[in-house]
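Student: Sequence:
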Amino acid sequence: MSQLIPLFIVLPLLGAFLNSLFVRKNTKVSDILSLLITFSLSVISFLSLFLVNKYGVLIYKVGGWRPPLGITLVLDGLSSLLLLTVCLVSFFISLYSINYMEKYTSKEKFYTLFLLMLAGMNGVVATGDLFNLFVFLELASVASYALVAFGTEKEELEASFKYAIMSSVASLFILLGIGIIYSFTSTLNMADIAKTLGGSLNKVVVFAGILFFMGFGLKASIVPFHAWLPDAHPSAPAPISASLSGLLIKSLGIYSLVRVIYNVLGLKELFSLPLMFLGTVSIMVGVVLAIGQWDFKRLLAYHSISQVGYIILGIGLGTPLGILGGLFHLFNHSLFKSLLFLNSGAVEYSTGSRQLLKIKDLGLRSKMPFTSLTTLIASLSISGIPPFNGFFSKLIVIFSCIKAGFFGYAFWAIVGSILTLASFMKVYRYSFSTEHTENREIKEAPFFMKLAMLSLSLLCILSSFLFLNKFSNFFLGPAQKTLLEAKNYSTINDFVENVR
1 MSQLIPLFIV
11 LPLLGAFLNS
21 LFVRKNTKVS
31 DILSLLITFS
41 LSVISFLSLF
51 LVNKYGVLIY
61 KVGGWRPPLG
71 ITLVLDGLSS
81 LLLLTVCLVS
91 FFISLYSINY
101 MEKYTSKEKF
111 YTLFLLMLAG
121 MNGVVATGDL
131 FNLFVFLELA
141 SVASYALVAF
151 GTEKEELEAS
161 FKYAIMSSVA
171 SLFILLGIGI
181 IYSFTSTLNM
191 ADIAKTLGGS
201 LNKVVVFAGI
211 LFFMGFGLKA
221 SIVPFHAWLP
231 DAHPSAPAPI
241 SASLSGLLIK
251 SLGIYSLVRV
261 IYNVLGLKEL
271 FSLPLMFLGT
281 VSIMVGVVLA
291 IGQWDFKRLL
301 AYHSISQVGY
311 IILGIGLGTP
321 LGILGGLFHL
331 FNHSLFKSLL
341 FLNSGAVEYS
351 TGSRQLLKIK
361 DLGLRSKMPF
371 TSLTTLIASL
381 SISGIPPFNG
391 FFSKLIVIFS
401 CIKAGFFGYA
411 FWAIVGSILT
421 LASFMKVYRY
431 SFSTEHTENR
441 EIKEAPFFMK
451 LAMLSLSLLC
461 ILSSFLFLNK
471 FSNFFLGPAQ
481 KTLLEAKNYS
491 TINDFVENVR
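Reminder that position 230 of the sequence shown reads as 230 in the working numbering, one-by-one numbering, no gaps.
Where hints are given, some of them may not hold.
What the hints assert, rightly or not - Below, a list of computed lysine-lysine pairs in the DSS-like style, where the Cα atoms sit at most 27 angstroms apart: (1) 203 to 487; (2) 162 to 109; (3) 426 to 443; (4) 481 to 103; (5) 426 to 367; (6) 426 to 61; (7) 61 to 109.
Said to hold, decoys possible - Distance ranges between label pairs, derived from CB positions: (8) 274 to 36: 30 to 36 angstroms; (9) 269 to 402: 15 to 21 angstroms; (10) 458 to 53: 22 to 28 angstroms; (11) 358 to 53: 45 to 51 angstroms; (12) 55 to 353: 37 to 43 angstroms.
Hints listed in this document are in silico derivations from the structure and should not be mistaken for laboratory results. Here a beta-carbon is modelled for each residue, glycine too, at the ideal position from N, C-alpha and C.
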């Protein structure tokens, strides 16, 4: 069963290779190829979740070399959850792109870059080697720089350059941290590093941890490392905005930070207290800056910072309830934030503008009823209104803070959710007003765009009800266990010969 793990990397790399070499004029071939690959990955990611629940940790030895000498790909509860999230949302983004990317030239190049970014994200999540994590992280990052600038307009090129510079600084921090850890432990295998350190911290390890904190924190856009995000997300095409907010900052930032802090270095107060503090600061800074925005996509970008704060706060607590809430909100945020960016893309596709003040007199609620409905669902989800999925994950994070005695953090989490609701009341009021003084002919988004938005809307509703039954143990339980029993990660190489 471990033979399935490399497919998460091989399939998108193969798709990118085929797109770049053999697809030229017939963009339908690119559409079909991208859909087939992302759909196949979604099916494999569901299968991997079943395998992890049945067998526990699965390890693939690249080239047959035993760890820690050889490179390994590891599938455990945390990586299976992230792979499912990344692959599932990527499929709907590919579906959406069939119509949306028609307005751009070189559609096959878009798919090539998108699949390279997907391969990088999957590689980051699946690898058990610290240096290869960096390699895959750079693969995804470089592809995302090009995708942000894909329209080649002045705004997009400027945002891409700023993003590339700041992301390169983050990569430098991460590489320095890896070098320090390697010089101290003489190994790059993450499980072997954890075994060598044994959970003990000294000045060298603490310094490396700080470098990882800054590097991965910048990739995750945690305050105060967030300056690149408000420019990069609005400038990119809508499918890439959805990928950046819904997937990239999760896999390259949050997942990598959590994996290193929990499973490699070991969670201590030295790391957990800053995580909780910066998570709470991100909640408030992001939502306050979002309220004053009139650019639809820029507003959503600031909300990404705020919602990441809930994930970091919950996971930073380190309690069973906090970890559960943080992981659940990570999955939920990937759904409703991707949906919101796709909705904003549909509005811009039909009206030619994403400025709320310019579209408020177009009467979009009657002219684009489908987009209006899916935007309402996504807005209620991110605002934490029951019975939508954002309500349950935020509620768990807040209760976990109260149970752990951090009443101040719980208070600010509640305030942040209220301000989020106020922000999206403004969004819906201006973007989908019933009043129209301009008699412009505006059509609803094309079929595949609507199909992708409908699917994500249904998932925003269904994930709430799935959480209310035993499926939550199957879906989130293995990932929660991976973090709660973080010390066991250091022993996975000991049983590699027993893994089939």
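Student: All hints are to be evaluated individually against the structure, with a verdict given for each.
Tutor: For each hint, the structure was consulted:
| no. | hint | result |
| --- | --- | --- |
| 1 | 203 to 487 | 21 angstroms, holds |
| 2 | 162 to 109 | 22 angstroms, holds |
| 3 | 426 to 443 | 23 angstroms, holds |
| 4 | 481 to 103 | 45 angstroms, violated |
| 5 | 426 to 367 | 19 angstroms, holds |
| 6 | 426 to 61 | 52 angstroms, violated |
| 7 | 61 to 109 | 32 angstroms, violated |
| 8 | 274 to 36: 30 to 36 angstroms | 43 angstroms, violated |
| 9 | 269 to 402: 15 to 21 angstroms | 19 angstroms, holds |
| 10 | 458 to 53: 22 to 28 angstroms | 24 angstroms, holds |
| 11 | 358 to 53: 45 to 51 angstroms | 50 angstroms, holds |
| 12 | 55 to 353: 37 to 43 angstroms | 52 angstroms, violated |
Hints 4, 6, 7, 8, 12, counting from the list given before, are not met by this structure.
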